[in-house]
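Chains as they are written, first to last, in my numbering: chain A, 1 to 266; chain B, 1 to 268; chain C, 1 to 332.
Because the hints were derived from the structure by calculation, they are not lab data.
Simulated DEER-style distance windows between Cβ atoms:
| id | chain 1 | residue 1 | chain 2 | residue 2 | range |
| --- | --- | --- | --- | --- | --- |
| 1 | A | Leu180 | C | Leu270 | 51 to 59 Å |
| 2 | B | Ala170 | C | Glu132 | 36 to 44 Å |
| 3 | C | Asp201 | B | Thr160 | 47 to 55 Å |
| 4 | C | Arg293 | B | Ala170 | 52 to 60 Å |
| 5 | B | Gln57 | A | Leu248 | 38 to 46 Å |
| 6 | C | Trp174 | B | Ala256 | 53 to 61 Å |
| 7 | B | Leu26 | C | Gly124 | 47 to 55 Å |
The following residues of chain A were derived to be distant from chain C, with all beta-carbon distances above 12 Å:
| id | residue |
| --- | --- |
| 8 | Leu6 |
| 9 | Leu18 |
| 10 | Ser35 |
| 11 | Gly66 |
| 12 | Asn91 |
| 13 | Glu154 |
| 14 | Thr233 |
Far from chain C, by Cβ distances over 12 Å, these chain A residues were calculated:
| id | residue |
| --- | --- |
| 15 | Lys131 |
| 16 | Leu248 |
| 17 | Met253 |
Every residue gets a Cβ at the ideal spot worked out from N, C-alpha and C, and that includes glycine.
One letter stands for each residue in the lines below.
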Amino acid sequence: MGKHALRYGILAYLALLLVVPVAIVAFRTFQHGVSPVWDALSTSNAVSAIELSLLITVIAVPINVGFGIGTGWLIARRKMPLPWLVNAVINIPFAMSPVVIGLAVFVLYGRGGWIGTFLFAHNIPVLFTWKAMVVATVFVSLPFVVREIVPVLEELGTEPEQAAEVLGASAFQGFWRVTLPAIRWAVVYGTILTVARALGEYGAVNLVSSNIVGSGLTLPLYVGNRVNQFDPTAAYSAGLLLAVISLLILVGMTSFSSRRRATKEA
Amino acid sequence: MAVAPPRPRVVPRPVLVGLGPGVSMLYLSLLVGLPVAAMVGQSAHVSAWSALLHDPQARSVLAFTLLVALGVAVINTITGVALAWVLVRDDFPGKSVVNSLIDLPFALPTIVASLVLLALYGPNSPIGVDIAGTRVAVLVALLFVTLPFVTRAVQPVLLTLERDVEDAAACLGARPWTIFRRIILPAIRAAALTGASLAFARALGEFGSVVLIGGNLPHTEIASQLIFNDVQNDAPQTAAAVGVTLIAIALVLFIALTLVTRRWMRNG
Amino acid sequence: MSIEVRNVSKSFGEFHALRDVSVDILPGQLTAVLGPSGGGKSTLLRIIAGLETADSGTVFIEGSDVTNVAARDRGIGFVFQHYAAFTHMTVWDNVSFGLKVAKTPKEKIRGRVNDLLKLVHLDGLADRYPSELSGGQRQRMALARALAVEPGLLLLDEPFGALDVKVRQELREWLRRLHDEVHTTTIFVTHDQEEAMEISDQIIVINDGRVEQAGTPDGLYDHPVNDFVMGFLGPVTTLGGTLVRPHDIRVSQRESAGTHAAVVERLVSLGFETRLVARPVGGGEPVTVQLTRNQIHELDLHVGDTVHLHASPGAERIAVVAAAPQPVDKAG
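Looking at chain A on its own, in the form it has when it is part of the complex (with noise of 0.2 Å):
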């Protein structure tokens, strides 16, 4: 036993701090069966923060993801102007909290914001709709796909494109059909991240969401609200659905991470 003192120590440790939590939500969520944690995802008010979720997500990640591949681009060719600079503002969704960030779309976007003082006059509502929602979101999960991408591009080198060019490819071609089919995986990964975190992110979003129960609630939202109004069924069956999804992200990441960074695979 002494010999192994640290292995059956850390387990332990992981054990009491993530697996048996986890196990104990998905034993609450099934206590009574199937069937309750069905109807308490079917109400309208379950399918609607799923839905808020789904078009958050299906908006934000592509922006993230095209824009993350651009940037990623420039910045790995060095055709960024003040590199140090755009490094810094990547990095700083990672750096802030999410409250801080959903305040600062608040503050933005707000009755008497730079923007919001223009949407305000113009009747166009943003703050407290999901459009705010989006912004809070895409901010959150913006160097995703920039950072993973980078780092493989640099690696990569620019002769393929260069080999590319002098074959005839245009730009388009050479990046299309050599540059990004080399860096797909890193791309995949930084795509299952951003979506892990569009789905999931809470304090930003919640703090430019009108928190309307059926119309402003993502599914992030709705647990916490479902606890608060001491709903624990609706609040362990959004939870759970939550968790199963990032156990299939997990999976997901932990098959793609060993070839992400492989740029010379077959």
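Take the given structure of chain A and dock chains B and C to it, following the hints.
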């Protein structure tokens, strides 16, 4: 000026070359730069800062936040290094599952983490441990969400460490603890400190994972809840002042981290 | 294709890669651009390819000014030092890439790629990925890929630099035979004088951003214009203040007019060849002399003997300008 490395050239495509960085900068500044600037601008009121300074509750919240974040960083350094060690040097069935499990806190939405902890350590705890609404609960929640940072920073460094060096030290008569202190620790300290700093920064601004298990009580309140409550109480300027304080702390931390690790690298 | 480079200069920040360089490449020839690392030879090749823009100067291909023509429109093939293989494509897809982007009919692509794979001895490996090939095979694939678009000009940037000595030797002989078959105007960059001497029709020596000398391998070896070229193209030693090739020094036991007295320090037997190192009696750098084993026996030389050295009549000699130039390490 130092000799610049030869840079590859792309044949002039005026439209693309000029437009690309422009569009990219616009994307970054509209989505990140502008909101942050707006918030910093919002905090630029004397009244906001004096309200913050003269509010004993706000002061104690900030003090508790810093303290608990520091505790999280210290505990994570110890458990994180131990975990990385077990994952790299130990071998047992199911190790790869444990290895993937480490990333669970990154994949799990923070509110679900809070729910999960509430289920085990809350009022209806199946093991009879009810810590909901205590400062310990806040610490546990923060330990949950920051678990991967130190391990994931130290693991790759441990992997590149040559076993030979440790064996050589052992042949020279060094005891395990001496080997760890003299051979391994100097190699992993920069990575461990980086991981600990990331954990500290995350703990400093964490929100979702503590809202349920911590309750919304005065003595368990942390900085992000203070911001949230200030916004709910229609005091966005005070909220912005707290936000700017958090950013300033993170900034100082990362500058210090850069200086320390750079110095270690020069000496190492 | 004939290439003319006129007064090309190129800087990277403070670093002058090329200073007012002009060269002529004759059609159908295999030309080596030879020089030490950082001397500007790769930059010259990349400017000819259109992968780099010159700060000033002009590039002509077949008499027409291509200075502002994009690399993709110059009709060239380029082989990179590190292969630049498209790692996510099979050998077949790599080689056919240029034909596909040019929208060549499928039938024609099939025939052409098959021919090329046979030419580079990769037939049978068409479905492999680059990661499943050896370094030499990857470089041959890169060559086939460059040749697929039937370039009028083939450019190779240190093509064998990343390979081990044995493979490098094989590939360089193979490149010469390939060139004799296809006759495409070819320029290759190398820092290996042996490689340049062995396979090229013409050598351009570039150092410190300037063309030191251009000409045939024999011409450069026998009549170098300066100490740098002489030192770079073969072994040199200093005798009486002049640079001489070690095999051009005659050894005699008797003193006569114009000989330099020296004491034998070492005799190194290298099989057929024996290297004699002697220290001049008047002081100065030791002199290296290349002799055959028979000559040593005939002269009955031993360490400690005093000998009298002189350069053979007709030997190329260059006065040492300042400090003695460093004999160039061939393998460098």
